[in-house]
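Given the coordinates of chain V, assemble chain X onto it according to the supplied hints.
Number of protein chains: 2
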Amino acid sequence: MSHHPFDQALQLMPGQAANTFAGATAPDYWNMVGPFGGYTAALAVRAVMQHPALLGEPVALTVNYAGATTQGPFTVTATPARTSRSTQHWVIALSQTDPTGQPEVAMTATIMTALKRDTWHANDMPMPVVTPVNAATKDRRDGAPVWFDRYDMRFVHGRSPAQFDGREASSVTQLWMRDEPPRPLDFASLTAMADVFYPRVWLRRAKRVAAGTVSMTTYFHASQAQLSDVGTGYLLGQAQAQAFRHGFFDQTAQLWSEDGTLLATSTQLVYYKE
Amino acid sequence: MSHHPFDQALQLMPGQAANTFAGATAPDYWNMVGPFGGYTAALAVRAVMQHPALLGEPVALTVNYAGATTQGPFTVTATPARTSRSTQHWVIALSQTDPTGQPEVAMTATIMTALKRDTWHANDMPMPVVTPVNAATKDRRDGAPVWFDRYDMRFVHGRSPAQFDGREASSVTQLWMRDEPPRPLDFASLTAMADVFYPRVWLRRAKRVAAGTVSMTTYFHASQAQLSDVGTGYLLGQAQAQAFRHGFFDQTAQLWSEDGTLLATSTQLVYYKE
Numbered sequence: 001m002s003h004h005p006f007d008q009a010l011q012l013m014p015g016q017a018a019n020t021f022a023g024a025t026a027p028d029y030w031n032m033v034g035p036f037g038g039y040t041a042a043l044a045v046r047a048v049m050q051h052p053a054l055l056g057e058p059v060a061l062t063v064n065y066a067g068a069t070t071q072g073p074f075t076v077t078a079t080p081a082r083t084s085r086s087t088q089h090w091v092i093a094l095s096q097t098d099p100t101g102q103p104e105v106a107m108t109a110t111i112m113t114a115l116k117r118d119t120w121h122a123n124d125m126p127m128p129v130v131t132p133v134n135a136a137t138k139d140r141r142d143g144a145p146v147w148f149d150r151y152d153m154r155f156v157h158g159r160s161p162a163q164f165d166g167r168e169a170s171s172v173t174q175l176w177m178r179d180e181p182p183r184p185l186d187f188a189s190l191t192a193m194a195d196v197f198y199p200r201v202w203l204r205r206a207k208r209v210a211a212g213t214v215s216m217t218t219y220f221h222a223s224q225a226q227l228s229d230v231g232t233g234y235l236l237g238q239a240q241a242q243a244f245r246h247g248f249f250d251q252t253a254q255l256w257s258e259d260g261t262l263l264a265t266s267t268q269l270v271y272y273k274e
Numbered sequence: 001m002s003h004h005p006f007d008q009a010l011q012l013m014p015g016q017a018a019n020t021f022a023g024a025t026a027p028d029y030w031n032m033v034g035p036f037g038g039y040t041a042a043l044a045v046r047a048v049m050q051h052p053a054l055l056g057e058p059v060a061l062t063v064n065y066a067g068a069t070t071q072g073p074f075t076v077t078a079t080p081a082r083t084s085r086s087t088q089h090w091v092i093a094l095s096q097t098d099p100t101g102q103p104e105v106a107m108t109a110t111i112m113t114a115l116k117r118d119t120w121h122a123n124d125m126p127m128p129v130v131t132p133v134n135a136a137t138k139d140r141r142d143g144a145p146v147w148f149d150r151y152d153m154r155f156v157h158g159r160s161p162a163q164f165d166g167r168e169a170s171s172v173t174q175l176w177m178r179d180e181p182p183r184p185l186d187f188a189s190l191t192a193m194a195d196v197f198y199p200r201v202w203l204r205r206a207k208r209v210a211a212g213t214v215s216m217t218t219y220f221h222a223s224q225a226q227l228s229d230v231g232t233g234y235l236l237g238q239a240q241a242q243a244f245r246h247g248f249f250d251q252t253a254q255l256w257s258e259d260g261t262l263l264a265t266s267t268q269l270v271y272y273k274e
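Protein chains in written order, with our numbering: chain V, 1 to 274; chain X, 1 to 274.
Quick caveat, the hints were computed from the structure, so don't treat them as lab data.
Take the hints with a grain of salt, since some may be wrong.
Label-pair distances were calculated between CB atoms; the ranges are [unchecked claim]:
#1 V/Glu274 to X/Ser170: 36 to 42 Å
#2 X/Gln16 to V/Arg208: 48 to 54 Å
#3 X/Asp229 to V/Val146: 25 to 31 Å
#4 X/Gly56 to V/Ala144: 31 to 37 Å
#5 V/Pro132 to X/His157: 34 to 40 Å
#6 X/His121 to V/Pro103: 32 to 38 Å
#7 X/Phe164 to V/Asn134: 44 to 50 Å
#8 V/Met13 to X/Arg208: 35 to 41 Å
#9 V/Pro126 to X/Asp165: 51 to 57 Å
#10 X/Arg208 to V/Val146: 47 to 53 Å
#11 X/Gly231 to V/Gly212: 30 to 36 Å
The C-beta atom is built at its ideal place from N, Cα and C for all residues, glycine as well.
So that you can see chain V by itself, here it is in the shape it has in the complex (with noise of 0.2 Å):
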């Protein structure tokens, strides 16, 4: 087991009950009022991956984010649902005990996983022109929430306004990244990753309001192989919003390698109060 701080705070624990694994929520990746969601969506990914019955690797997942969760123990349920020759379908909860004892769930999340095969390829989304990492700053940024630290982000365009002035502007981020200390990428850090971006809403609105992901779906492009290829070099992620109304909206991710593989492409969809 690495001492690493996302290996440390991804830990799960097969438990007494088919298909339940025991975990506990880490300082290390913690939000505001809660972890940091792309660390609660590894969690899920961690479970599929550990789990006996496996065939494959994830090829797509969705989180929803259904209540708060608390600092504490969780219990993390991986059931697979539906297996084929080829692909498996997962159906995943992470429950904690509310106050008067009683499990309630947190976190619902379904994963696909399949046999990855060599076929044609094409990548129609190129990775944009950009500063090259190594010209690139990195952010630091006083009173951020602590899993801030776990990243190394370098923004090359759409960094959060540096004045909370109410300007309207565009909604495209785009930053180099990588964990912090450096880790070798693979499937759950590739999960954590799709949700660094901080929300749309402000960028946009050059104005902060109470916002928080409900629900993220990422696909996975890229093979084991091919993540540890990247091993721990950076990537490029960019999000862009499509539409906020009716106190949500929704944002489109690619991650690419720093050679120009798309990773991962993501979209989510999150609440903001007003």
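Then chain X, alone, in the frame of chain V:
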């Protein structure tokens, strides 16, 4: 109950067990080896919207096509996993009886519903300028699956290649569409229309290979009141692939009303054979 084929196909009867609904596949929405996936996804939405515990309206949907749905009866299970004051998270499965008499899961899904409030709003994905619906020609296609006849589709860009000659091209499709015969728009029909786009890999490569959606996520930016405003009007749909690799490609999609309101955004992962 409307006599429209879509409403007939979506009929669900409350089952004996809590949270269950009984239905049957409909010949009107048949695809090549199973029902049109947009119809199957709409069943998840319909089950939740018929559930007596429903809070609010759909905001996020993910469906996973875990195995082939065969002609005949099925059971939809829709369980509220967590309910707050203004949001609700659902876990859904569609099952059929396998040849040995055991239940087998054909689809898993999650839905988030919420009370929709008026807030600051913006559209960062404006409707593209295209041929108006009145000037677009209704698509007729010999040998297309039955469900094609249930939609009035008017392609304005990226129609299926006239010749499958292996010439690689853009993966963008834009089309006007509505139910055939016309039917007032609701969340179920909007869900189905987010899946009308034929496989991007056919367009991108001008080559027909076996392909089928394995997972789809749709975010509903419109309220029921906005859908009612659309009525039987046409929607403009746009779909575009991002990456093709390891036998799966993804696409992003947007659906606008004729007046330019972004009603829904969607993404899906599609299996392709070679």
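Range first: 48 to 54 Å. Now tell me if the beta carbons of X/Gln16 and V/Arg208 are that far apart. 50 Å Cβ-Cβ, so the 48 to 54 Å window holds.
How does the Cβ-Cβ distance of X/Phe164 and V/Asn134 compare with 44 to 50 Å: does it lie in that range? 45 Å, holds
May I ask you to test the hint 32 to 38 Å on the CB atoms belonging to X/His121 and V/Pro103? 37 Å, holds
The hint says 51 to 57 Å between V/Pro126 and X/Asp165; measuring C-beta to C-beta, is that right? Violated, since V/Pro126 and X/Asp165 (Cβ atoms, about 25 Å apart) do not stay within the stated range.
Distance restraint hint 47 to 53 Å, applied to the beta-carbon atoms of X/Arg208 and V/Val146: 52 Å, holds
Hint says 25 to 31 Å; check whether the CB-CB distance for X/Asp229 and V/Val146 agrees. Since X/Asp229 and V/Val146 have Cβ atoms about 45 Å apart, the given range 25 to 31 Å is violated.
If you check the beta carbons of V/Pro132 and X/His157, does the distance land in 34 to 40 Å? Given about 35 Å between the Cβ atoms, the range holds.
If you check the beta carbons of X/Gly56 and V/Ala144, does the distance land in 31 to 37 Å? Given range 31 to 37 Å: holds, Cβ gap about 33 Å.
Taking the beta carbons of V/Met13 and X/Arg208, is their distance inside 35 to 41 Å? Violated: the Cβ-Cβ distance is about 48 Å, outside 35 to 41 Å.
Cβ distance range 30 to 36 Å for X/Gly231 and V/Gly212, holds or violated: Hint holds: Cβ distance 34 Å, inside 30 to 36 Å.
Do the beta carbons of V/Glu274 and X/Ser170 sit within 36 to 42 Å of each other? 39 Å, holds
The earlier numbered hints that this structure contradicts are 3, 8 and 9.
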